[in-house]
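A.B. asks: Sequence:
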Amino acid sequence: MYVPLLLTQFLDRAVKLYGSKTAVIDDERVFTYSELNERINRLSHGLKDLGVEKGDKVAYLAPNTLEMLEGFYGVFQLGAITVPLNIRLKPDDYLFILNHSESKVLFVDWELYGLIGSVRSQLNLEQIIVHGGNKIKLEENDLDYDEWVGQFPAEPFPREDIDEKDIASLLYTSGTTGNPKGVMLTHRSNYIHALQVMHHLRVSDRDVLLHVLPMFHVNGWGSPFYYTANGATQVMLRKTRPDIIYEKLQKHGVNVMHMAPTVLNSLLHYYDKNKVEIGQDVRVVIAGSAPPPSFVTRVEEDLGWEFIHVYGLTETSPLLTTSIIRAQHLDEPKEVQYRMKSKAGYQMMCTDVKVVNEQGEEVKHNGMEIGEIIVRTNGVMEGYWKNEEATNAVIKNGWFHTGDMGIVDYNGNIEIVDRKKDVIISGGENISSIEVEGVLYEHPAIVEAAVIAIPHEKWGETPHAIVVVRDGQTLTETEIITFARERLAHFKAPTSVSFVKELPKTASGKILKVNLRKEYWQSKSKLVN
Numbered sequence: 001m002y003v004p005l006l007l008t009q010f011l012d013r014a015v016k017l018y019g020s021k022t023a024v025i026d027d028e029r030v031f032t033y034s035e036l037n038e039r040i041n042r043l044s045h046g047l048k049d050l051g052v053e054k055g056d057k058v059a060y061l062a063p064n065t066l067e068m069l070e071g072f073y074g075v076f077q078l079g080a081i082t083v084p085l086n087i088r089l090k091p092d093d094y095l096f097i098l099n100h101s102e103s104k105v106l107f108v109d110w111e112l113y114g115l116i117g118s119v120r121s122q123l124n125l126e127q128i129i130v131h132g133g134n135k136i137k138l139e140e141n142d143l144d145y146d147e148w149v150g151q152f153p154a155e156p157f158p159r160e161d162i163d164e165k166d167i168a169s170l171l172y173t174s175g176t177t178g179n180p181k182g183v184m185l186t187h188r189s190n191y192i193h194a195l196q197v198m199h200h201l202r203v204s205d206r207d208v209l210l211h212v213l214p215m216f217h218v219n220g221w222g223s224p225f226y227y228t229a230n231g232a233t234q235v236m237l238r239k240t241r242p243d244i245i246y247e248k249l250q251k252h253g254v255n256v257m258h259m260a261p262t263v264l265n266s267l268l269h270y271y272d273k274n275k276v277e278i279g280q281d282v283r284v285v286i287a288g289s290a291p292p293p294s295f296v297t298r299v300e301e302d303l304g305w306e307f308i309h310v311y312g313l314t315e316t317s318p319l320l321t322t323s324i325i326r327a328q329h330l331d332e333p334k335e336v337q338y339r340m341k342s343k344a345g346y347q348m349m350c351t352d353v354k355v356v357n358e359q360g361e362e363v364k365h366n367g368m369e370i371g372e373i374i375v376r377t378n379g380v381m382e383g384y385w386k387n388e389e390a391t392n393a394v395i396k397n398g399w400f401h402t403g404d405m406g407i408v409d410y411n412g413n414i415e416i417v418d419r420k421k422d423v424i425i426s427g428g429e430n431i432s433s434i435e436v437e438g439v440l441y442e443h444p445a446i447v448e449a450a451v452i453a454i455p456h457e458k459w460g461e462t463p464h465a466i467v468v469v470r471d472g473q474t475l476t477e478t479e480i481i482t483f484a485r486e487r488l489a490h491f492k493a494p495t496s497v498s499f500v501k502e503l504p505k506t507a508s509g510k511i512l513k514v515n516l517r518k519e520y521w522q523s524k525s526k527l528v529n
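So the sequence shown is numbered by our numbering: it starts at 1 and just counts up by one.
For the record, the hints were derived by calculation from the structure and aren't laboratory data.
Every residue, glycine too, gets a C-beta built ideally from N, C-alpha and C.
Misleading hints may appear alongside valid ones.
[Unchecked claim] Label-pair restraints from in silico Cβ distances: (1) Q359 with R206: 44 to 54 angstroms; (2) G253 with E160: 34 to 44 angstroms; (3) I244 with D471: 18 to 28 angstroms; (4) Q280 with D161: 35 to 45 angstroms; (5) E301 with E160: 47 to 57 angstroms; (6) I278 with E388: 48 to 58 angstroms.
Let the sequences and hints guide you as you build the complete structure.
C.D. replies: The following block contains the structure:
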């Protein structure tokens, strides 16, 4: 028997088994799964009335809200494709993405409405609908979401004939050069990804998830799918502020969150000052950059939360590996376990991940030999939308090439040592910026650190540290360099340091190293020597 794997089945299960259970808490708005389903049906009927058909693109520019969540399923019921937009882009970026994706309808949050004002005359959209549109003055022909959607029936929507190989998501990556690329993910890719991730993260109907990670970022790592499938309660978070996160943890009994390390770092920093008491067990899922073991130690021992490190890419749905401690390592000392948890770890169910050298041979599992991480899984994208050349550059011989460089230890755990472009080559020696950052994070006065390559007349390039110092602390360049040289081979230690109040980041919390490098390489033809 062949039954297509469709994302709408996750909502169906939640309504059938958890219809009366709280599905969504968005500040003062609370809805059960049955009520959420009715809202989603109204949305689908409304989109149909606008002429949206199977295969059409529907874009969303919104923070983590009720409307953003219901958008996934409301669009999928038509066999249409969601195009979630990063809320931190510039108007010209939206102009490119919306027109390149051929989006037909744009839903935009009222607080973000102004981001499209300067380019709207150039957009090829048929309709703009504003979440919370009654709070602001709208341009002619734009619609207020609640007023518009309230016209349509809550009765079940007659779904289109959808196949699991149909595209469900078109996700634009924030490339460091050129225009962003649209990643095409099918219902099947997202569905199987949801099954594998819910297994490893132990998702259940007892979970209360706080949506910290933006849902526009790779569909919130697929969280709207597997938490819905399990009937979990989903708490929305419009602003990623530590005080608000702690407030919602206490008020709603939140026990699981997904976020980038920089966000978790802000929670640790806030805790140092406020010592917030959280009664329930909490597991926090981290991806985005490799955390140092000292970071894992603080989360597990100071906060008392379970630290779960995962790794993946937009092009792979996204998650591929996890560092949850396997049974055979449970007797290891805590410091050894924390070191393991800081790594990308081992492959999840339904994935095949390996590290290969330039000849395509798997590297030795000795924790030393560096290679590129490649993957073969159902989660790999169908390709980049209207960009066959870029697709062929990363999918070769049946494997997706991530561009991430890693090593494999004796236990088979993968450790990310850098992006290809972030490896520092100084005097012919390869230096992992992540390794150097890990040492800097051990300094008690350092809140955040990024290490980049800068030009050097003798060595070609050399490590430079950019540091955020903890409030009330002072540090000098010499102190930091000495601290690093005491813990690293001298060629790996920073040769210079600059101090900033904050580091530039993507909306998901990744540090934008390309922005940091530009200042030092602007007189060069490329960002490496």
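A.B. asks: Are the hints correct? Go through all of them and say.
C.D. replies: Tested hints:
Evaluation of the 44 to 54 angstroms hint for Q359 and R206 yields a pass: the beta carbon distance comes to about 49 angstroms. Taking the beta carbon of each, G253 and E160 are about 38 angstroms apart, inside 34 to 44 angstroms as hinted. A beta carbon spacing of about 20 angstroms between I244 and D471 agrees with the range 18 to 28 angstroms that was offered as a hint. The hinted range of 35 to 45 angstroms is satisfied by Q280 and D161, whose Cβ atoms lie roughly 44 angstroms apart.
E301 and E160 have their C-beta atoms about 51 angstroms apart, which keeps the hinted 47 to 57 angstroms range intact. For I278 paired with E388, a C-beta distance near 49 angstroms keeps the hint of 48 to 58 angstroms intact.
Hint check: no violations occur; every hint is consistent with the structure.
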